[in-house]
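These protein sequence lines are chains A and B, in that order.
Residues in the first sequence are numbered from 237 upward in steps of one, following my numbering.
Residues in the second sequence are numbered from 310 upward in steps of one, following my numbering.
By construction, these hints were calculated from the structure, which means they are not laboratory data.
Keep in mind the model is a prediction, meaning the values are calculated, not measured.
One should not assume that every hint holds.
To be verified - For lysine to aspartate or glutamate, the following EDC-like pairs were computed, each having C-alpha atoms within a straight-line distance of at most 20 Å:
1. K344(B) to E514(A)
2. K424(B) to E709(A)
3. K449(B) to D520(A)
4. K596(A) to E453(B)
5. K319(B) to E708(A)
6. K648(A) to D427(B)
7. K468(B) to E481(B)
8. K473(A) to E500(A)
9. K473(A) to E681(A)
10. K418(A) to D433(A)
11. K318(B) to E708(A)
12. K337(B) to E712(A)
13. K241(A) to E595(A)
14. K473(A) to E453(B)
15. K686(A) to E481(B)
16. K319(B) to E709(A)
17. K596(A) to E371(B)
18. K364(B) to E712(A)
19. K644(A) to E692(A)
20. K429(A) to D427(B)
21. K682(A) to E694(A)
22. K429(A) to E417(A)
23. K643(A) to E595(A)
24. K313(A) to E274(A)
25. K476(A) to E443(A)
26. K344(B) to D354(B)
27. K356(B) to D601(A)
28. K648(A) to E453(B)
29. K424(B) to D601(A)
30. K356(B) to E595(A)
31. K337(B) to E353(B)
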Amino acid sequence: MKKIKRILIANRGEIAIRIMRTAKTMGIKCVAVRTAVEPNAMYLSMADIIHDEDEDASEIPVFLDVEKLISIALETKCDAVHPGYGFLAENAYFADRCQVNGIIFIGPSHDAIYKMGNKTVARQIALRHKVPMAMGSPGSIADEEEALVHATRIGYPVIIKAASGGGGRGMRIVRHASEMEKMFTLASREAEKAFNDPSVFIEKYIENPKHIEFQILGDQHGNIIHLGERECSIQRKHQKLLEEAPSPALDTELRQKMGETAVEIARAVSYYSAGTVEFLLDSDKNFYFMEMNTRIQVEHPVTEMITGIDLIEQQILIAMGEKLKIRQEDVRLSGWAIECRINAEDVQAGFAPSPGRIEKISFPDEPGIRVDTGVRAGSSIVASYDSMIAKLIVTGKDRHEAIVNTKKALDKVWIKGTKTTLPFFRMLMRNHLFQEGTFTTAFIEKNLEKYYSHGEYEEMIAAWLATKLFVEENLEDKKTNISFDQGKEITPWLLRKRLTQF
Amino acid sequence: MNAEKPELKKLFALSSEGRKYSFTLPLKNVIRIGKRDYNIELREDEKYGIHVLWKNRRYPVEIVRTKQNRYEILFNDISHIFTVETPFAMQRKKVLGSGKGRSERLVVKAPMPGKIIDVLVRENSQVLRGEALVILEAMKMQNEIQSIVNGTISRIGVKPGQNVMKDDILAEITVK
């Protein structure tokens, strides 16, 4: 067993903070990397040591630069690297390079990353282990003619997916043979662009499924358990917006069956560390293996909240070579947890990114509410990274209570400076399909007319505000009628107007 | 502007979706619902910034853009667009025929740097609020840039494949 004393956090934002929070409680020091894009980022204030990465000349961001990260780790005397999610978290080469340099990669083996990262290899492994899967091509397909042969055998609709894919890119649904040529070319081209690999494969397209994923924990001694499922069907363009644990669609029996299957898949690649096995669940409760994510997930907090297990701590202990102390029968799912991804996006413009500077930000500080964030007042949501502001995780003794609590918590979140996904979640908590729990991955695109809703009199108040502004600008000649805490004798409206005139 | 006219007793706020709200002058800090008046307070402080207090709750407020008598009010994270009109201007609008001749143009700008994947509208095509105009790839996602008003496309500023900077003009819409 090798004790970890210092970790290089090869990531930024909320996940960097999340990792450092646990590392600190374990007495482990953390090194964070300062980049030119975010020199004052919040995650840096949590670090014991900050490495300044000021070489702007570099073509790729430091968090994607394998050799640079290795050299930083060596230079700062780190004995381990945590990749977080995104960036190099599922890069087998990076995991291998860490190992070669005597640095512990806090994650699975590079072999497991490779096998699960390549979807056709993963499919073949799953097939060998008789894991239920949507019918498909045994491997990559060469051209649209081969695609047509498979599609005829499987039956339409089919989906073309990138072999090295993920995140919804390089995917195309084909409903008729006549569309195949066009869709094959599009998918292949997109796959090449996004993943440097044009190879694609074909699967039966499952209509309106639920997205259910299982959290896996495995050690380096062959022990593998699952920590129950997460329901991730609230998605837009394959991007998850809300996750919950457990799923309203599963009963104990189905949970056990799917959980065992997930463990079997992990076992097939001798998986260790935290990982996630994703399934599609159809309306008849048939489930199909989709893919395995070999990293910590954005939505890991909902599992932590209902199991009481710190997944980052487990990852670190496993990386040090410790045996899992939790057995399958020790895992208890208690209560319900919902995570809302509060992103800098404009729901009124179809979730278009709305980057900007966060002027004010505050969250409810109450029992049963957890907030994972990497920004504070003054931080900027920059276009170079994702649009996440915070994850609001709310619990309840059951699903109904969790929804009621989330509704209340959402009204106490205060963010100024950018538009956010808050109006979407406020609407969602009041939506009866969501409350029933019967929604599928098609929910946002098919079941919603509007992505937001507002309180009964909110428009009237906004109309009053517009009128007030008009009156102040045109009729009152800078007369003030509002007094301020600091004794400023100027209305915020006029102040704002003057400031923007500079 | 006919602001100084002594007979100005009322103002109208017209929402971009055609709803009309009228307010009596001098404007009081109340909102009337049914027969009851509810106090409304506009405040600013260090912790919350500009906000409104209404019915014992605090709501965030922001002006996103103003232009002549046009206001975009971000209230509780949702934006509302209004034009504020005097009764005189309303009368004139009616005479001229529902605002024709003084139609407003809305410039749709790129919210961030990125690449145009697709342009979904043509010049002179009619668009509805919420309709997608272009697909902009940025921040790891393909984003639909939608119209926030009903209107007619008067100009398109980009082509598929083109890289854009933040605030580059994507399209111009003549607001209906």
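Results of checking the hints against the structure:
no., hint, verdict
1, K344(B) to E514(A), "violated, 56 Å"
2, K424(B) to E709(A), "violated, 39 Å"
3, K449(B) to D520(A), "violated, 34 Å"
4, K596(A) to E453(B), "violated, 27 Å"
5, K319(B) to E708(A), "holds, 14 Å"
6, K648(A) to D427(B), "violated, 38 Å"
7, K468(B) to E481(B), "holds, 14 Å"
8, K473(A) to E500(A), "violated, 29 Å"
9, K473(A) to E681(A), "holds, 9 Å"
10, K418(A) to D433(A), "holds, 18 Å"
11, K318(B) to E708(A), "holds, 15 Å"
12, K337(B) to E712(A), "holds, 13 Å"
13, K241(A) to E595(A), "violated, 37 Å"
14, K473(A) to E453(B), "holds, 11 Å"
15, K686(A) to E481(B), "violated, 24 Å"
16, K319(B) to E709(A), "holds, 16 Å"
17, K596(A) to E371(B), "holds, 12 Å"
18, K364(B) to E712(A), "violated, 27 Å"
19, K644(A) to E692(A), "holds, 17 Å"
20, K429(A) to D427(B), "holds, 17 Å"
21, K682(A) to E694(A), "violated, 26 Å"
22, K429(A) to E417(A), "holds, 18 Å"
23, K643(A) to E595(A), "violated, 24 Å"
24, K313(A) to E274(A), "violated, 24 Å"
25, K476(A) to E443(A), "holds, 18 Å"
26, K344(B) to D354(B), "violated, 32 Å"
27, K356(B) to D601(A), "holds, 15 Å"
28, K648(A) to E453(B), "violated, 29 Å"
29, K424(B) to D601(A), "violated, 40 Å"
30, K356(B) to E595(A), "holds, 10 Å"
31, K337(B) to E353(B), "holds, 18 Å"
Consistency with the previously given hints fails for numbers 1, 2, 3, 4, 6, 8, 13, 15, 18, 21, 23, 24, 26, 28 and 29, ordered from lowest to highest.
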